[in-house]
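J.: Here is what each chain is made of, one letter per residue.
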Amino acid sequence: MRYGGEGRTRLLLIILIVTALFLITLDLRGVAVLDGARQGTQTILSPFQKAGNFILSPVKNFVSDVTHLGRTRNQIEKLRADNAKLKADLLNRKNADAQLKQLESILDLAGTAGYKVVNAKVISQGSSQSFSQTVTIDIGSNAGIKKNMTVLSQTGIAGVVKDVFPSTALVMLATDPSFKIGIRIAGTQQIGILSGRGSRSGSLQLLDNLTTVKVGDVLLARGSVANRPFVPGVPVGYVTAVDNSAGEIAQSGTVRYYTNFGGLGVLAVVVAASSTNPGDALVPPKPVPTPIPTVTVYVTPSPSPTK
Amino acid sequence: MLTRQISLSAPIFLFIFLLQEAVVNQFKLPGGGFSLFAIFALVWAVISTPEIAALTGFGAGLLMDMSGGAGGPVGQWTLIMIIICYAVSYLGYGDGNINGNPVGVVFFVVVANLVTEVLFLASSALLGVTTGGFGQILLTLLGNSLWVLVITPIVLPVFSFMHNFVFETRSAL
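Order-wise, the sequence lines are chains A and B. In this text, residue positions in the first sequence follow my numbering: the first is 1, and each later residue adds one. In this text, residue positions in the second sequence follow my numbering: the first is 1, and each later residue adds one.
Note that these hints are calculated values from the structure, not bench results. Careful: at least some of the hints might be erroneous.
Calculated lysine to any residue pairs in the SDA-like style (CA-CA distance at most 20 Å, straight line) [stated by the list, open to error]:
1) A:180 - B:128
2) A:180 - B:129
3) A:121 - B:27
4) A:50 - B:14
5) A:94 - B:26
6) A:94 - A:57
7) A:121 - B:24
8) A:116 - A:141
9) A:146 - A:118
10) A:50 - B:29
11) A:147 - B:129
12) A:50 - B:19
13) A:180 - B:136
14) A:180 - B:137
15) A:147 - B:130
16) A:50 - B:24
17) A:50 - B:27
18) A:50 - B:23
Facing chain A, a subset of chain B residues (Cβ under 10 Å, in silico) [said to hold, decoys possible]:
19) 23
20) 51
21) 66
22) 130
Yeah, the Cβ is synthetic: ideal placement off N, Cα and C, and Gly gets one too.
Bound conformation, chain B alone (with noise of 0.2 Å):
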């Protein structure tokens, strides 16, 4: 069961990533733009049982760290998704209000994309990346948060019916 699963999942992720960094990262949008790849892996990890959010949270977080402008080192990424994507799906956990409920689930996501931002920065502190300064920082949450806000509903149907296909459950958002 698990192997099937995970052979499902890993040319979703493969291919979300693909277009993150082929398509989507190509536009110059206003206030920082917004990342497809994590509002993909934190929808999969609120729907999703804890132990398979943490492991949505280590293969995310290994991609973004592969890509081109990671900005940090190898595995800070990794380390900030296994996190976020664990808390999330724990705290929802058999509570048909968040993950059950379409409105819930983007309420989740927007505010886990921005505890994830936080994270980064807090961690980018710590090993000495430089992020700039407060007021391009608050921006750039500012911006990414109400892009998530604009593009979690827009996605979440086609996300949601990709989770519903390899974990074959009938609900759907």
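Next comes chain A alone, as it looks inside the complex (with noise of 0.2 Å):
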């Protein structure tokens, strides 16, 4: 049924149309007023943010374990094991407790290398309406936090800073697809470009046609001018598939990320880096194959039946 069309109501839109149009071209301008407007936002909605993060930590947990069911045999016996303690305060525990672990390991990977961070807990987790992958962290300015700094998780890189407000900052997580990290392969020091695919693997691109790269290979960030926006050194991920296409100038290849991007809780800005590169001394260690038992058997022939 078609409206009754009056001339006030296509006025009406046409003015608002023009005031969105006026607003991107502000704002793809550069003009500041907008700017500031995203950000009193931001600074208005963290208190509720972190107010809800607080409130909602064991129902979260509750809806990452069963997103991840049925993936592997493991997390579901875990979960079974954790449904049977489904009590509020057990819950805030054991969340507290991985948060602590999680910090461990960030302050071992920060250490080993020399890189000066600052600590921050993840309390929004961006929906991608948008088409991007992002969280917001509850570290902002007022903490030293600066735009395009390197973000670590427990076990590696996990994205960099996209936007500070006072309070918060956003972070673009390293699925992002447009997020892009160059990279050097542990060991036979290859480089190449690792981009965001928007799940935990990511493609890697050689840029030496002479080099070749295998499966199983670590990748390590190689660091930025000035460290910004990345630092040397860090863990990425490792490769998991190679693609040896003909008519490629380069190799390419498929590399799943360290860093498990549906737990993140506790996350580490880098806001220093060591003054010295710390090569491949962050190269996680691989894991030791169990060894398995060997049995030999030994077979006596009987004697001959007699008769």
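Dock chain to chain to rebuild the complex, using the hints, since each chain is given by itself in its own frame.
T.: Now the structure itself:
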């Protein structure tokens, strides 16, 4: 059914659309007022996000467990065990313990490389309504955080600071499709570019066509000028597949990130890198294979039956 | 009359926006999750007159632009929401099968949400905002639509009640 089509409505529509286009133009030209408005909104929202994170932590753990249901048998077993202890106080305790463990791992990682880090809690997981993969952390410019600083998880790179507000910061995760990082392969020192793909795996593109990469190779961050956005030596992931298609200028492959982006609770922002390059010092140790016991069976021929 | 409607609508919109940012965004849901605020704005637009729907789109889009994870420049969501909210209201206005029927409203909201996402992708491409690979986009569009299809019937009675309260209409979905 058509609307009556009053001229007033059309005029209003045109005014609103022109206003929106005006806002887009102002923002693209870098007018500070709009940045200020966004920062102000984020400042107002951050206490609510922190409160929401605190109240919903037990529920978030439950939802996260349900989300990963069926992926591996071990996780199902763990979920069954967890279901038996679904009491709020225990979940809160467990949540705190998990965050402490993450924090210990992060500090180990940062300490080995000599990075100066500021720890942060994830207070909001951005929805992918805007096709981006981001999280909000509970520290901002008041804690010395600046745009384009490296963000670490307990096992390696988590992302980079995209926007900074007074008491919060927006972190672009390494899985974001627009995320790109220069990497080198531990040991061989080959270099390449890793791009996010929206999932825990990323796309690797080597830069040199004379070198080769193989499955299991460990990737480390190559580092940027003045250590921003990336400090050197941070573990990124390992190669899970290599594409040797004919016609490619250089090899490409698929990489699995070390960081589990589904369970980010505590992160660390690198505010200053060490004066020396940590080199391959942060390469995670390879898992030691469990020895398989061998059984030797001796067969002795029985004496031939007597007639 | 309009002053009363706006003064009642504004806190409701702010509350739902706050709910989205402080509660819904806490969960990393499979398939990209959903935006409760976008669903709310679209439901509000479907059951309003085109004039109110355009204003709804402007207000909702502006708030979405102010969100930290908006993704694009300020004004991008505003422009998209004005167009979509006006369009859904214009197409359904006066047709009881659409804006007077819960099934029609849910259908309109799901389709409008999908179109909103597609428009966001198209405008992002024009504005140079990276949005990811084709497979990932398809997955997000599908997941998001399914979430909207599940969530809308649950929240529709509440949103409809709020709309009736603000506009003093007697029909209820």
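J.: Does each hint fit the structure? Answer for all of them.
T.: Cross-check of the supplied hints:
1. A:180 - B:128: Satisfied, since the Cα-Cα distance of roughly 16 Å is no more than 20 Å.
2. A:180 - B:129: holds, 14 Å
3. A:121 - B:27: It holds: about 15 Å lies between the C-alpha atoms, which stays within 20 Å.
4. A:50 - B:14: It holds: about 18 Å lies between the C-alpha atoms, which stays within 20 Å.
5. A:94 - B:26: At roughly 18 Å apart (the allowed maximum being 20 Å), residue 26 of chain B and residue 94 of chain A satisfy the hint.
6. A:94 - A:57: holds, 10 Å
7. A:121 - B:24: Holds: residue 121 of chain A and residue 24 of chain B sit about 18 Å apart, inside 20 Å.
8. A:116 - A:141: holds, 16 Å
9. A:146 - A:118: holds, 12 Å
10. A:50 - B:29: holds, 19 Å
11. A:147 - B:129: Holds. Residue 147 of chain A to residue 129 of chain B sits at ~18 Å (cutoff 20 Å).
12. A:50 - B:19: holds, 13 Å
13. A:180 - B:136: Distance ~17 Å between residue 180 of chain A and residue 136 of chain B Cα, so the pair holds.
14. A:180 - B:137: holds, 18 Å
15. A:147 - B:130: holds, 19 Å
16. A:50 - B:24: Holds - the C-alpha atoms of residue 24 of chain B and residue 50 of chain A are around 13 Å apart, at most 20 Å.
17. A:50 - B:27: Answer holds: residue 50 of chain A to residue 27 of chain B is near 13 Å, not above 20 Å.
18. A:50 - B:23: holds, 10 Å
19. 23: Holds: closest Cβ of chain A sits about 5 Å from residue 23 of chain B, inside 10 Å.
20. 51: Residue 51 of chain B check passes; min Cβ-Cβ to chain A is 5 Å, inside 10 Å.
21. 66: holds, 4 Å
22. 130: With a closest approach of 3 Å, the residue 130 of chain B hint holds.
The structure shown violates none of the earlier numbered hints.
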